[in-house]
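> Modelling step: build the complete structure from the supplied sequences, incorporating the hints.
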Amino acid sequence: MEVDLVDRARLGDQAAFEALARAAQDRLYAAAYRIVRDPDLAEDAMQAALIAMWRDLPALRDPARFEAWSYRLLVRASIRVARHERRQHDVRRIPAGEIADPLDAPWRIAQRDEIAHAFGHLTPEHRAILVLRYYLDQSLATMSVVLGIPEGTVASRLNHASRRLGAVLRADRATSLEPERAP
Amino acid sequence: MNDDFDFDPAVLRSYLAEGPEQAPPGTVDPVMAQVRREPRRRLVPAGLLVQLRQARERLALPAAAARLAWAAVLLALLVLTLLVAALVGRRQPPLQPAMNGLVAVAVAGDVWLVDPGSGAATALTTTADIDETVVAWSPDGRSLAVAVHERSPTNSRIDVIDLANGSRQTLAGSYDAIAGGPIWSPDGELVLFSARLGERGLVLGAALDGAILELASATGAAGLSVSPDGLWLAFASEGVAGPELRIVPLSGDAAARSVALAAAGTAVLGGPVWTSDGLGIHVAMAGNDPGSLVLARVGAHDGTVATVDGPWGDGTAAPILGTAPTGTVVSTGQGVWLLGPAGPIDVQPVEGKLPVAIAVSPDGRRLAGLRAIQCAADTCPVGVATLPLAPAEAAAGSEPQDLRIGARVASDASLTGTVSWQPLPYPHDELEIEFDETCVTLSDGQSTQVGSITRYEDVVLSCTDRATDPRLSGTRTTHVTIDMEPDESATLRGTSLLENADGRWAGSFSGTVTAGYTWHEVSAVAQGSGAFAGLTYRFHVTGAGTVFTGTGSFGPSD
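One line per chain: the protein sequences are A and B, in this order.
Taking numbering that gives the first Met the number 0, the leading residue of the first sequence gets 0, the next gets one more, and so forth.
Taking numbering that gives the first Met the number 0, the leading residue of the second sequence gets 0, the next gets one more, and so forth.
Any given hint might turn out to be false.
[To be verified] If the Cβ cut is set under 8 angstroms, some of the chain B residues that face chain A in the computed set are: (1) 6; (2) 161; (3) 439.
[Unchecked claim] To spell it out: a stretch of chain A is covered by chain B in this simulated footprint if at least three of its residues, at any positions, have a beta carbon under 8 angstroms from a beta carbon of chain B; those stretches are: (4) 28 to 34; (5) 117 to 131.
Simulated from the structure, these hints should not be mistaken for laboratory data.
Even for Gly, the Cβ is constructed at its ideal location relative to N, Cα and C.
Right under this line is the structure:
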């Protein structure tokens, strides 16, 4: 069904493209939000990706790769939007049932806040690759298609982003352990 | 906890699971509004199906005999080639096929493509709401980087147009102005430009994956030029103590440098451009004497600044500099010169209108200049003049040939724009191409009865081929033999010769025609000669009427 819509949209069928866009909007918005960390910017990125999708569809040779290709456009748009806008509103929603053990909650919340802070200090490129891996659960092979780079390069970039996240976390912890200075 | 990274992937997953899972209502609506305003455009080939439909309508002739005649015409078109050995042997093949493709021109707010061989010009963009102001071919000759200015709301951006599929994407945007560039890095991975963002001046590199690299912060940065080795970017900027030349690395940890130019002049008027040997950088400046024009050479390694003597004239016309393999092209209000080791050589004398923008052909042998031609009272057609740049030919003098494009400006004084000459890399692999073809019949041939079929021999067609690679564009002469079956289907075979200014493709073809002559398919193979020696062109043509389309590939002969 999706392949048929993609084929029709490639030929300029606007109704087919609208059906594709509406079917993809939630997954694209959700991924964009994780990269840009702002609801308005996520909307901007998703819309930019959809417009790029309309313009570039004739270049998509294999309709079966539409989903991966759409994430490629989304990652590009999200990075571009994030680079030009520095606003950050970290909207937090704890999924239902997340805090199952009340005794465990403070530690988990502290960990979560740590990682949220560190994640916000990554570049949009690093956030994007971590979102593909840890939010969309994509394999290295799929990420290779999405990012248009060899699997080895994906692994290298993922490693680099992970190390960067770890480095920010270490720096944050070191800062929090410093004795408070007298005014 | 992950010992390598100091974080627990489960915590990261949990954090990423937070946040909305659904797009806000109505998010797609503005996208669809934009889509409806922007029906998709394909650049090459255009309107194939429409052409076919029109051709079929033309075919709907009442008389069977007329239809037969038409059919013969149609079929023959497609074709290609046999080794026409006699023709092949007449030319001395050069060492390498021609490298020069189309000239792209940004003028009067749109981009035009000009074929310097045939003079044919096509508007690539016809955008009313935005102005395309600068254009640059990618090193592989497949894409164009374009500086774009949106008038309302004001926004400047960098777009890349892929000529293979007609797609257009914005690489970087939301700037107040694009001050310099775009130009491409030699590896084609970065589009370099300078932009103004509020009070800030930035020199940036946009990667095709959307990443933006900030290479330098500089006021008034303009005249971007990449060193021949691709390692350094030079540009002019306004320093605290006057004009300066900045040299920044495009990769690695090398230190950026700046060279004060105040001793040579008061302002940079043209360039900078690297010399072809990479050892120096030329800059045209307003001299310290009012009204004077100075050409300065800056040592790329030691930063020394020296003036270069020459007949440059004064600074009343903005000087333009360009890099050619044999020297630096210098265009001023007094003429155009090629500045080589032996000094300046006249390329264009003072007579005639001088170009407002120049581009050196990829093979370094020709120069394209944008200039107004034959201005009337309130309008000037715009043309691209091409002339030889090779020292021997330039020294002998040559009248520029103006290739008129459709753009017009109010006066030659108001003409601004840029030109860029398409590089055509030698095809080490098979290069895919598309083309369309229109034909006329020169001869209906001889009709004979052979058993139950009617054979038409030596039907001759003359066709014009327009391909996505200009090496495969030109005039095709086709000789066809058609065997007509009683049901009005047919088989056809023959030879064809495609010629253009750089060489020839000679070959043979065969194919079939459906009953009633509504459609034909032909496969062909041709061997290149002249500049295309050593290359083989294989293609497949379909169509009806007198308009055909095809796809194919060419590459080294087996």
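> Against this structure, judge whether each hint is valid.
Each hint, compared with the structure:
A hinted interface residue such as residue 6(B) counts as satisfied when its beta carbon comes closer than 8 angstroms to some beta carbon of chain A; here the least separation is about 6 angstroms, so the hint holds. With a cut of 8 angstroms, the hint placing residue 161(B) at the interface with chain A holds, because the nearest CB-to-CB distance is about 7 angstroms. Because the closest C-beta pair between residue 439(B) and chain A is about 31 angstroms apart, greater than 8 angstroms, the hint is violated. Using a Cβ-Cβ cut-off of 8 angstroms, 4 residues of the region 28 to 34 of chain A lie near chain B, which meets the minimum of three, so the contact claim holds.
Here's how the region 117 to 131 of chain A fares: 5 of its residues keep a CB closer than 8 angstroms to some CB of chain B, so the rule of at least three is met and the hint holds.
Checked against the numbered hints above, the structure breaks only hint 3 and satisfies the rest.
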